[in-house]
Amino acid sequence: MRHRRQTLRLTFAGVALVSLLHARSARAADDDELAELLSENVVSGASRTEEIASDAPATTTTIRANDIRRYGIRSIAEAINFLGMGLITQDPLHSVEVGGRGVLLTSDFGNHVLLVVDGHVLNEPADGTAYFEQGAGIPMELIDHIELVLGPGSVLYGGSAMLGVVNVVTKGAASYKGVHVIGEVGASPQQGINGAFTSFAPGDLGKSYRLAAGIGHELTLFGKPAQLTAQAEYFQQDGPSFQFAPQTVTNDDGTPKSFGPRTAPGVWGGRASSSYTTAVPALYSRLVWGDVTVSARVASYTRRTPYVNGFNQTVGDFDDARSLERDRWVSLDVQHRGRLSGKLTTLMRLYGDLYDYRQPIFVSQPSDCSSPTDRSCLQVGNIRSRWLGLELQAQYDWRGDERVTTMLGIDGRVRDLGAATETQDGETGRLLGTVGAKSLTELVGAAYIQQRYSPLANLHLNGGLRFDHDPRGGDKLSPRAAASLDTWRGGVLKTIYSEAFRAPTFYEAFFEDSTQRANPGLHSEVVRSVEATVEQKAGRHRFLMGAFRTWWQDMIFLQANDDGTYSYRNAASIDNYGYNARAEGAVGDLSYGFSVTGAYSRRRSPDGTSELPAAPQLFGNARLAYDLPGVLPTVAIATSLVGKRPADRAVDGNFAVTPYAPAEVNLRLTLSDRIPGLRDLSYRLSGTYVTASHSPYVAGPIQTVDPAAPGPRPFAQLAPINRLTVFLTLQYDFSL
Amino acid sequence: MRPGRRAVALLLVASALTLCCDVARADANVPLQLQAQLVSKLGAFDRNFAARAGSLSRVLVLYKAGDADSTRVATNVASALGALRDVGSVAAQIELEAFPGAAPLADRCRSKKVTIVYFSTGLEGDMDAIGKALAGVDILTVGASASFADRGVVVAFDLEEGRPKIVVHLARARAQNVAFKAELLKLARIVG
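In order, the protein sequences belong to chains S and C. Residue numbers for the first sequence follow my numbering, so the first one is 142 and each next one is one higher. Residue numbers for the second sequence follow my numbering, so the first one is 12 and each next one is one higher.
Since the hints were made in silico from the structure, they are not lab data. Zero decoy hints are in this set.
Below, a list of computed lysine to aspartate or glutamate pairs in the DMTMM-like style, where the Cα atoms sit at most 25 Å apart:
1) Lys678/S / Asp285/S
2) Lys176/C / Glu282/S
3) Lys192/C / Asp172/S
4) Lys176/C / Asp172/S
5) Lys484/S / Glu106/C
6) Lys678/S / Asp97/C
7) Lys678/S / Asp172/S
8) Lys124/C / Asp137/C
9) Lys348/S / Asp379/S
10) Lys579/S / Asp557/S
11) Lys176/C / Asp173/S
12) Lys176/C / Asp171/S
13) Lys143/C / Glu106/C
Cβ pair distances, simulated, as ranges:
14) Trp692/S / Leu67/C: 52 to 60 Å
15) Lys197/C / Ala804/S: 36 to 44 Å
16) Ala102/C / Leu626/S: 23 to 31 Å
17) Arg815/S / Gly93/C: 38 to 46 Å
18) Glu191/S / Pro111/C: 27 to 35 Å
19) Glu108/C / Asp616/S: 47 to 55 Å
Idealized CB from N, CA, C, for every residue including glycine.
Build out the structure end to end from the sequences listed, making use of the hints.
This is the structure in structure tokens:
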């Protein structure tokens, strides 16, 4: 009897335990499934329609505002490097360069990547220029998320979307409610040759600051709900100063070349203390009123680069503050979304931009001036572009269940472009001459179609085709076809074929001076790509692996003519293939992320086969963030890794040793939280350390060496990297 | 007509067409399939859901009569819910209907023991009346977009930082006997 009771007790206990475990496991499954659903990234950049990222016709990475804040991200470039996958930026202490999956076209000023903010393309049409550092003029606090859409994307966006599309979506008023005042200060130590820190004295530090004021407000305007978000800010950075090794340079007649009063005659180098600066005033605002959205952006970007370089500052005095670059933009975008029926939606977008670029360079060596003179001169490069466009788009949902939808669109714009390089007397400012003066007005147009079809609940097909008519580069067809299949639970297989193009820039096609000939016959660069990915979702965790192969044709490079001058020509092709992988997720309050991209890229031209200068073939990042309990801060550690890569003049420099930039690790530690007792005041304290001392850019007037010249060949001097930065951000949020 | 002028005329006509239908509404920016999946999970995090639903979860999906887009959203959500095996871990019965008015809806919810009501786009303007009529009724109400959140539903869906976000109106939840567990509230944006 006693034994029976004991058995019964044990049985009940066992049943209770199993039930408890089952309930717990069911609850855990519920938690996991909800977390998985809430971790789904919804993107709009790939097909210009909101869709789950794994169904989208491209490989995408979403960088979220929360990560931007806690990892101390201060620019789109940093977001790409620390949090992205497949894209990477390189900083020549100038405008950063963007590459993707092993391909980086140095000195392209971002014109192989399309930068889109709230549906408005920021690449200007004269040179396709887009900036990804602070000069982009997009306040980071306003960004809701950034979508990195990898691979050719001309099918819906037209030219320049060759490496990918960086689609920035700003916050709505609900997410940025109130008035926000932000102050930020940063400092970097003085650096010597080889990146050594030579002074931490306050007077020697490089300094930066940012002041910003933003607003997010929901209101009723003429009886309709409206949302206003806006932020104005001013960013300034001055230094740090860098030490450059001396380079001895003579004129053709053997006399020492002058690099101004800060160096001895015939010598370029020394400490550059007044020529690494940035100033960016910017205003971005967005008003959503019913079905109408109005976005406006006003920005200016002034900067100085502390070294003569191969991209756009081939002459000039050493460390002269009169040499600088300045871009200015005014952008306006008005969008109206309408519904003609439950199945037919429309978009009308009217957009216009004003842009100009000015680059004065002070030159003490008269023979380096474009117009004859026997004194110093100020060379002033000018570019301007204005454009006005109208895009109309209709989307029809054939069955009303979003499984068969057709998007049709037309986009037409008129653009007015001009450029000229003036030479002014260095002392009086008198105009000595003008070269390369050219202006023209162009009409461009495009029509596109995209068909989305989900024949099964787990199969999503997307096909598209765009026709672009561009007077520069000719007519172009850009197709895309993609299929994604939800295979096993949480698993998605995806394959994509896509093409993209870039029309020759105004500069490449039309610029002309004593050394360069125009080539209006240039045609567009083209890239074709195939890729496949497999993605696995498990609760809050996401894993992705992919492989890609791209073919680049008709790439535009500067080539020597028979008469000793140069012209841009469609002279090269690029073969590229590789893989990328990503893992991200969270366990409790700990979140993590990791990405790696490996590629093999070779450029083929009449001169032979070579590596792509400055293009990393191996790069990635890793990050961890932990929300400490109570009043303790969020601790976030992020790293960005870039492998060894050839310098920009590695192929044509003829240096004693082919210059390579060493592998580089960026380490960033950020602490952030609200200040206890002052809940409306938050802080962010961050420090970045870079292990490498040099970037893949040759610095100084010795950019190439004549192999026939007598004597030993010199070594290349590579540009320094700002290796250590500490900054503090304070933000006060007022309620409205 | 010259081709250039024809193109301009075409653009103008197309522009006029796109502007002619100005419907001030908040679109459901969270994909509808995803919304349906989220609705199906909500019950598991409501302490009172099991008692409310019993052995069958009755889900009423409402749209605004005569509003084609509202009908489309509701139809798709109802269809996606129907394809799921259960709602709140309980077998579900999905009903798709035009919004009958606030008072009849409240009567219906009481008499038919409706478990969840999903409001499609276009019903934002009726939410004040609906909220008042449903006060004290034991029911989970869900809105298709964030604009419902402050207007009388317990749960609304928003897109935040490129991910779906559950917006919970706590006062409304209490008024309708919905008691969400901490696990859900931790992941949600709380209003009210």
